[in-house]
Amino acid sequence: MPGMLADSGGAIVPFSGDPNHAAPPPPPPPVRPIRHGVAPPISRVFVSWSSGNLLQVACLRPPGPVAAGAEEVAGSVVEVNLAVANGSAEVEEQEIDEAEMRRIEYGSVPAFALLQSRKNALADAAAMQHMHSVSEHAEWWQYVLQYSKTIGKLLGSPDSLPGLMIEDPRAILKVRERPTSLKAAWELLEIFYVDKNLHSWLPERLVDWLADYDSLLTKMDGTVHSKLNDFQKKLINLQVVENDPDYWNGLSAALSVGWLDVVVNMLRFHGSYQLDQMDNRETENGLVEAVAVLVSTMPRMRPDLPTGKLGQCCTSRPDFIKAWEKWRGQVSKLECSAFWIQCGHQKTRDGLKNLLHIMMGNIKDLTAATSHWLELFASHFLYIRPFTVGFEGMHHLAQKCIQLKPSSGNSGLTGLLNGILSENPEVVLAECTKTFGPWMVTHSMELLAADNEYADIMLHEERPNFGGLSIEELHRLVYAQVLSSHSLTWQIAPTYLSSCLNQGLGLLEILLLKQPIQDNRQVLKTLELCRLYELENVSTNIMKVAGIYHWKHGRKGTGVYWFQQAHDKVRLDRIAQQLFERIGKSVTDDNFKQWEGLLELLGSDIGSAGGLEFLHRYRDFKRSLQQALEGRTGEAARQTVEFLIQLMRNPSTPQRFWLPLLHDSVRLLNCKPCPLLNVTETTLLLNKLQELSMAKLRPDFCTNHLPSHALSSVRLALASNLARAILEEP
Amino acid sequence: MAGDSPSFRRHPLPFSIDLLRWLPSSTSSARLIAAAVHDPTIPASSHLHLLSLPDPASPLASLPLPSRPTALRCSRTVLAAATSSGSLHLLPSSFDTDSVISIPSGAGFHVGPVRGLDCGGEEWVTAGEDGRVHLVSDGGDGRVVARRVWDGKGMLGYETARWASSAEFATGGAGCGVQWWDRRKGNAVVAQCKGIWGRGVAAGIVHSIDIHPSRKHICVVGGSSGAIFAWDLRWPQQPIPLSGVGLHETAEPVCESEVWEVLFDNYTQSSDIISAASTRILPVMMCSEDGILAIVEQDERPLELLAEPCAINSFDIDPQNPSDVVCALEWESIGVLTRGRDAMVAE
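From first to last, the protein sequence lines are chains G and L.
Taken in order, the first sequence gives residues 123 to 852; the numbers are from this note's numbering.
Taken in order, the second sequence gives residues 520 to 866; the numbers are from this note's numbering.
Honestly, I wouldn't trust all of these hints.
Claimed, not checked - Computed list of lysine-lysine pairs in BS3-like fashion (alpha-carbon distance at most 25 Å, straight line): (1) G:K241 to G:K296; (2) G:K431 to G:K448; (3) G:K691 to L:K672; (4) L:K735 to L:K713; (5) G:K241 to G:K356; (6) G:K349 to G:K296; (7) G:K469 to G:K444; (8) G:K486 to G:K455; (9) G:K636 to G:K341; (10) G:K349 to G:K241; (11) L:K672 to L:K704; (12) G:K469 to G:K455; (13) G:K355 to G:K469; (14) L:K672 to G:K744; (15) G:K486 to G:K469; (16) G:K647 to L:K713; (17) G:K647 to G:K674; (18) L:K672 to G:K674; (19) G:K636 to G:K556; (20) G:K666 to L:K672; (21) G:K527 to G:K475; (22) G:K744 to L:K704; (23) L:K713 to G:K691; (24) G:K475 to G:K349; (25) G:K271 to G:K318; (26) G:K744 to L:K713; (27) G:K666 to L:K735.
Hints are computed from structural coordinates only; laboratory data are not their basis.
Sequences are here, hints too, so could you generate the full structure?
Here it is as structure tokens:
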């Protein structure tokens, strides 16, 4: 990785691009100072990627004579989180912080999964009915709309603040949750691409949208929202509002974008409403009230209005035209009325007239009243061309508005709207990527393709230059990578990977195999995903890796458990062999309990290891011996001897265990008054003992750690037992 | 009672919640929860938080833990948390973080995750994945003493522990099923049960055990592959399946993934009150990796309370107000379920 060490500050400067390719001057590289606490000079810097966006930077001093102070640090490793570094992303991140974004990511999973399963079901049905695509189905767009509404709700509802608060009568703008551009962009896509219910009143819907998100349009230039906000702050100190030009500016601005409730509310601030002035300013007050009434009865081409909003709804076009003509007539009648002459207050007269001109659709006044081109755009729908339909007409109008009000700061939302209106899904997608990130792109593609054949083809066409991926898959994979890099969200990445037909499954396997296996719960969570996606090979592999990890760290039980779950015969056999060796060395030690558990774990289903069969018998013998020695009951002793004989008879019992076995039983043989073994049994044991003495001479004989007199004590015990057995024999 | 129908609310929090327990509340207004949380993106961010309902957004108090919390229990007076590094932290249930007593991990205590933790009156039992079992008791003058009961030396790994009486407790783990310990018999395992596991597997992992205070001879056990069974010490060879494998074929398992926790549910009335005297297993609530919170009962269809899109890692029934259940969801949120009396009586 290219990097250079800044002289004294100790900063890492990432830079990109070919220095020879200087055509467009690249933006200055963002500089991130890091605190490493290593005193200069620094001779080496290592940089490597850690998980996610973390960069590990190691700074080392030159090796040399140990400095005077022992506190001097020779080097240090610091982790740099690059996610916070990015200049433009930082602004967005303040709007939605990381935890909030994760909440959105989690919440969108069920909606996305539901839509995918519906799509698959419809695709099956479409294949049967010989249809070409899912979007031909009548119900499809409704599914997408439902999906869009669910996600929209997740992004925050505009009126989520409780209505219990006592409203300030002098509040111009209602206090609500701070709108986010993510939500604004999502709604914009929903309005234009999905909601077919809106098609007849799209312009009004756009006006509503603007009312919700006007404050987000630009950060540099003013908006209607900022104008009203400024006036609101000023309002507290104003005695006579109608003398302030900002009052009238605010009114005309609010009216131009159709915030009728705000206008009517503000008109009521007018001084002529005050009781002590009523008498002198009767005409003036009548005019203000007349304008207020006209504003509140403005006909609007829409099915309904949310509570608190003003206007007169007209559902059908003829109704609207009728109402519109009538209303316009009233407006012009008032404009020509003779009462204006009697109105003494100059500013009121001009201000009200201006409002009337706006209502009459005077383009010059509209342009003056609005700040941003989108506001001008909305005002055209309201007062000049209420029937604008179709993308072409809107796009043309938008271009005109941009010419009239060029804006310097592009918030991403305007770019998005431009892309939508110019019917250019590529631009829309690019804006989404650039401004709103992978989450937005992945989830908004469903909206783009809902009812747009071109976008559908554009997104789903497999492209050889992407290695056969479609754009849709590419973006989903990118998003899944983002999710995978975070240890809290990786579990939702499989939902997206599994919807990628070409490379999703391969990446899913890699993702699952890469998960840490140190923690059993984590392993179980990974295995659960393997089960869901029927990846048995992967789960077997994970179990084996987990098994080795635990075995190596001394948690033998857990290790064996995982090997068993993975049906890993090879490793289990090897473990059995190891165990066998170890017990063979120290069989007389009474640390019996320690490996007993392991033997228990290895269980009976591992019959292939010959030694294990012996160990199980040996375990039974040891247990019974212990009982016999503790309890001294005849039955237990008899049982023990039986086990002993079985073990000695069994050819699978290794020779090196013979003596230890017999030595273990010496106490038992000696302590009983009546012989436990009959003559033939004793003879068998004595024969084995003899065989053992002979074998001692052979070079491959392996010694055990028994005391030297073991052999003779066994021989003595057996001999005395034999003597008693012969006496007992009938 | 809040209402007649169950209501459920999710509270998103900006960190991952591993475990949750209701705390005994002294005042009637505050409903307090202890939550063991961590954020893997930030080093040293494991905490024990004191949250209050109905708005758990910001913790009222918090205690930093040395590593990720793995077990959390609350007795009447003491709240205890164990961690994945093997330490134990005891604090008064009033959440007075100044008077915390800790036992550090290491050779003298546990090494590795301690998942088994329970309070039996005077003593706490801890059982770790390292195979060690300790009894922790008050040593006077603000110190605690940990006494090793058993060192499995890694041959067994324990996942859970539960007291039955002051002399007996049960443990469970990977591959070893359930073990019953009796202190009067030399702190030894006196009974053992392999359990009932599915899918052609001989052994599974026991994640959770609960023992009803009025029936101390019965353990109810939840573990791998949706297995929930009851183990009656009077018939130790015949565990009773409550869900998953072992039931007759028509019975659908309530879940097929890991059952993380089981608790006897005092709130649900047994459907068969007359015979409930001794033979039947009382209703049991469980939560699972596939997002199910349900009540299972012997020979009854399970009653599903929640089916979340993400795992439910932990839950707790409020002992003072058993209609309320709080659960820790995988997607960094906690859920609060309030049950109404009418809706919850099993059909």
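Exercise for the section: State the violated hints by number, sorted upward, taking the hints as numbered earlier in the document. Expected result: The structure breaks hints 1, 5, 7, 9, 10, 19 and 27; every other hint is satisfied.
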